[in-house]
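Visitor: Since the structure of chain H is provided, determine the placement of chain Z on it from the hints.
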Amino acid sequence: MTHKFIDIPEETYIRLTELKRVNETIPDLLTRLIASSNDLKEGLSEPIRNKIIDKLNLALKKFKEDTINLQDDWDGQGSKGFSEELWQNVIDFLLLIYIELHAEDLEAPFPLVLPNVDGSLDIDWETESFELLINFPPDPEELIHMFGEKMGSPKNELDVRINRELASLVVSEWLKKIL
Amino acid sequence: MVEKDPLSWKTEPSENYLDDHFLYRGVHKVLWKNWPDLNRIYPNFFITSQAKEGLSVDWSKYATPLFTLNHLPDLSLEINGIVELNVGNLKQLIINANLPINIQHDPIGTQNKDQRINRAHSLIIGINKMNKTKVKRFFSKIAKWAKDMAPFS
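So the sequences go chain by chain: H and Z. So in the working numbering, the last one in the first sequence is 179, and the numbering has no gaps at all. So in the working numbering, the last one in the second sequence is 153, and the numbering has no gaps at all.
The following block holds chain H by itself, in its conformation from the complex (with noise of 0.2 angstroms):
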């Protein structure tokens, strides 16, 4: 299925269910999400962005100083390394995430940033009301899986496998749904 261009795995469909309005199809859904979020980006002022990315680098720094750029092979096992474009990357998924929430007035504490030995990165959130796992995989085409939960709440459960043009949108969505 396609979507402005984007490809969209059959599976999602169904499963960003939970996050449609009343009478919204997913690809109303979608074109709100994307709407809202260039209208977002474009109206966002430089020093409020500057500001929640200085947030952001300074939460995650020593994660930084001890991860990215570490060479393959780091384990001894064939362990894959993690570049600086990754972490920019994600920094820039992040971003959009703490933009929306910003634009709504809602708060989230920063994530976990965690390294794997493929070389992906996870981001954990992991808090007394919800916990949400982002599985970040340096290529840019294979698809960002998520799985959160809203404590007490099985019916906001999100298990999505998403591109990453859409990942930061479902992510915002659904923390705004829950917070």
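Hints may contain errors.
As a list, the in silico DSS-like pairs of lysine-lysine whose alpha-carbon atoms are at most 27 angstroms apart [claimed, not checked]:
(1) Z:K144 / H:K80
(2) Z:K91 / Z:K147
(3) H:K64 / Z:K141
(4) Z:K129 / Z:K91
(5) H:K64 / H:K51
(6) H:K150 / Z:K129
(7) H:K155 / Z:K141
(8) H:K62 / Z:K113
(9) Z:K29 / H:K80
(10) Z:K144 / H:K177
(11) Z:K113 / H:K80
(12) Z:K29 / H:K62
(13) H:K55 / Z:K33
(14) Z:K29 / H:K150
(15) H:K155 / H:K177
(16) Z:K29 / H:K64
(17) Z:K33 / H:K61
(18) Z:K33 / Z:K141
(19) Z:K29 / H:K55
(20) H:K155 / Z:K147
(21) Z:K61 / H:K20
(22) Z:K29 / H:K61
(23) Z:K141 / H:K80
(24) Z:K91 / H:K62
(25) Z:K29 / Z:K113
(26) Z:K91 / H:K80
(27) H:K150 / Z:K144
(28) H:K64 / Z:K33
(29) Z:K141 / Z:K29
(30) Z:K141 / H:K150
(31) Z:K144 / H:K62
(32) Z:K33 / H:K155
(33) Z:K129 / H:K155
(34) H:K176 / Z:K141
Pairwise CB distance ranges (calculated) [unchecked claim]:
(35) Z:P6 / H:E142: 37 to 43 angstroms
(36) H:R32 / Z:F152: 46 to 52 angstroms
(37) Z:P36 / H:P154: 24 to 30 angstroms
(38) Z:K141 / H:T25: 42 to 48 angstroms
To be clear, the hints were calculated from the coordinates, so they are not data collected in a lab. No residue lacks a Cβ here, since even glycine has one placed at the ideal position from N, Cα and C.
Guide: Just chain Z now, kept in the frame of chain H:
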């Protein structure tokens, strides 16, 4: 646990993995050094680039946590820790979460540059692109450091 003839080892059926058995796995420092709390396990150790067909673990029927540590490239607890999964808890999780996962005995009877002889070697199979993130989250909730095998931070 020392075997005379590794080539005679039989692959055992999954029902031989009893509820009071454990599965051990080494976790490298790069994975845990930024965990905020070393008393618990975070999801990023349940993935492997070495065994594409499954997650490599050692079975407590033929291994101890120390055995697993000794099979790693670096034997220091400053570099690696050993995590254990209780088989009973794993079976319960598979049922509760309806996961398509199983434990498969995969003894290694011949040594080469990538692997050492290991009768305990087993694979957790059924982790795939569709479920890997969910599985990692669930596994992290039932995993613990093996006794005396938490890494020195």
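Visitor: Each hint should be assessed against the structure and marked as holding or not.
Guide: Hint check:
With a CA separation close to 25 angstroms, the supplied pair K144 (chain Z) and K80 (chain H) stays within the 27 angstroms bound. Between K91 (chain Z) and K147 (chain Z) the CA atoms are separated by roughly 21 angstroms; this keeps the pair inside 27 angstroms, and the hint holds. At roughly 26 angstroms between alpha-carbon atoms, K64 (chain H) and K141 (chain Z) fall within 27 angstroms of each other, so this suggested pair holds. Restraint check: the Cα-Cα separation between K129 (chain Z) and K91 (chain Z) comes to about 21 angstroms, which is no more than 27 angstroms; the hinted pair holds.
Note on K64 (chain H) and K51 (chain H): the hinted pairing holds, with a Cα-Cα distance of about 19 angstroms set against a maximum of 27 angstroms. For the hint linking K150 (chain H) to K129 (chain Z), the alpha-carbon distance of about 23 angstroms falls within 27 angstroms, and the restraint holds. Distance hint between K155 (chain H) and K141 (chain Z) is fulfilled; the C-alpha atoms sit about 21 angstroms from each other, no more than 27 angstroms. Distance check on the hinted pair: K62 (chain H) and K113 (chain Z) sit about 35 angstroms apart at the alpha-carbon level, beyond 27 angstroms; violated.
Under the criterion of a C-alpha separation no larger than 27 angstroms, the hint pairing K29 (chain Z) with K80 (chain H) is consistent with the structure, at around 14 angstroms. Proposed proximity of K144 (chain Z) and K177 (chain H) is contradicted: the alpha carbons are some 33 angstroms apart, above 27 angstroms. Taken as a hint, the K113 (chain Z) and K80 (chain H) pair is honoured in the structure, with Cα atoms around 18 angstroms apart against an allowance of 27 angstroms. Restraint check: the Cα-Cα separation between K29 (chain Z) and K62 (chain H) comes to about 14 angstroms, which is no more than 27 angstroms; the hinted pair holds.
For the hint pairing K55 (chain H) with K33 (chain Z), the CA-to-CA distance comes to about 21 angstroms; that is within 27 angstroms, so the pair holds. About 30 angstroms separates the Cα atoms of K29 (chain Z) and K150 (chain H), which puts this hinted pair outside 27 angstroms; it is violated. Restraint check for K155 (chain H) and K177 (chain H): the C-alpha separation of about 12 angstroms stays at or below 27 angstroms, so the hint holds. At roughly 15 angstroms between alpha-carbon atoms, K29 (chain Z) and K64 (chain H) fall within 27 angstroms of each other, so this suggested pair holds.
For the hint linking K33 (chain Z) to K61 (chain H), the alpha-carbon distance of about 13 angstroms falls within 27 angstroms, and the restraint holds. Simply put, K33 (chain Z) and K141 (chain Z) have alpha-carbon atoms about 19 angstroms apart, close enough for the 27 angstroms limit, and the pair holds. This hinted pair checks out: K29 (chain Z) and K55 (chain H) have alpha carbons roughly 26 angstroms apart, not beyond 27 angstroms. Distance restraint check for K155 (chain H) and K147 (chain Z): the Cα-Cα separation of roughly 38 angstroms exceeds the 27 angstroms cut-off, and the hinted pair is therefore not satisfied.
Annotation: proposed proximity of K61 (chain Z) to K20 (chain H) is violated, straight-line Cα distance about 50 angstroms (limit 27 angstroms). Distance hint between K29 (chain Z) and K61 (chain H) is fulfilled; the C-alpha atoms sit about 18 angstroms from each other, no more than 27 angstroms. With a CA separation close to 25 angstroms, the supplied pair K141 (chain Z) and K80 (chain H) stays within the 27 angstroms bound. Taken as a hint, the K91 (chain Z) and K62 (chain H) pair is broken in the structure, with Cα atoms around 37 angstroms apart against an allowance of 27 angstroms.
Taken as a hint, the K29 (chain Z) and K113 (chain Z) pair is honoured in the structure, with Cα atoms around 23 angstroms apart against an allowance of 27 angstroms. Among the hinted pairs, K91 (chain Z) with K80 (chain H) is inconsistent with the structure: their alpha-carbon atoms are about 31 angstroms apart, more than 27 angstroms. With a CA separation close to 24 angstroms, the supplied pair K150 (chain H) and K144 (chain Z) stays within the 27 angstroms bound. Proposed proximity of K64 (chain H) and K33 (chain Z) is supported: the alpha carbons are some 12 angstroms apart, at most 27 angstroms.
Taking the CA atoms of K141 (chain Z) and K29 (chain Z), the gap is near 20 angstroms; set against the 27 angstroms cutoff, the hint holds. Among the hinted pairs, K141 (chain Z) with K150 (chain H) is consistent with the structure: their alpha-carbon atoms are about 16 angstroms apart, no more than 27 angstroms. Distance restraint check for K144 (chain Z) and K62 (chain H): the Cα-Cα separation of roughly 25 angstroms lies within the 27 angstroms cut-off, and the hinted pair is therefore satisfied. Distance hint between K33 (chain Z) and K155 (chain H) is unfulfilled; the C-alpha atoms sit about 34 angstroms from each other, more than 27 angstroms.
With a C-alpha separation of about 23 angstroms, the suggested pair K129 (chain Z) and K155 (chain H) falls inside the 27 angstroms cut-off, and the hint holds. A distance of roughly 26 angstroms separates the Cα atoms of K176 (chain H) and K141 (chain Z); the hinted pair therefore holds under the 27 angstroms criterion. Judged by the Cβ atoms, the range 37 to 43 angstroms given for P6 (chain Z) and E142 (chain H) holds: they are separated by roughly 38 angstroms. Checked against the hint of 46 to 52 angstroms, the pair R32 (chain H) and F152 (chain Z) passes, with Cβ atoms roughly 51 angstroms apart.
The supplied range of 24 to 30 angstroms is met by P36 (chain Z) and P154 (chain H), whose beta-carbon atoms lie about 27 angstroms from each other. Look at K141 (chain Z) against T25 (chain H): about 36 angstroms separates their beta carbons, and that is not inside 42 to 48 angstroms.
The structure does not agree with the numbered hints 8, 10, 14, 20, 21, 24, 26, 32, 38 stated previously, though it agrees with the rest.
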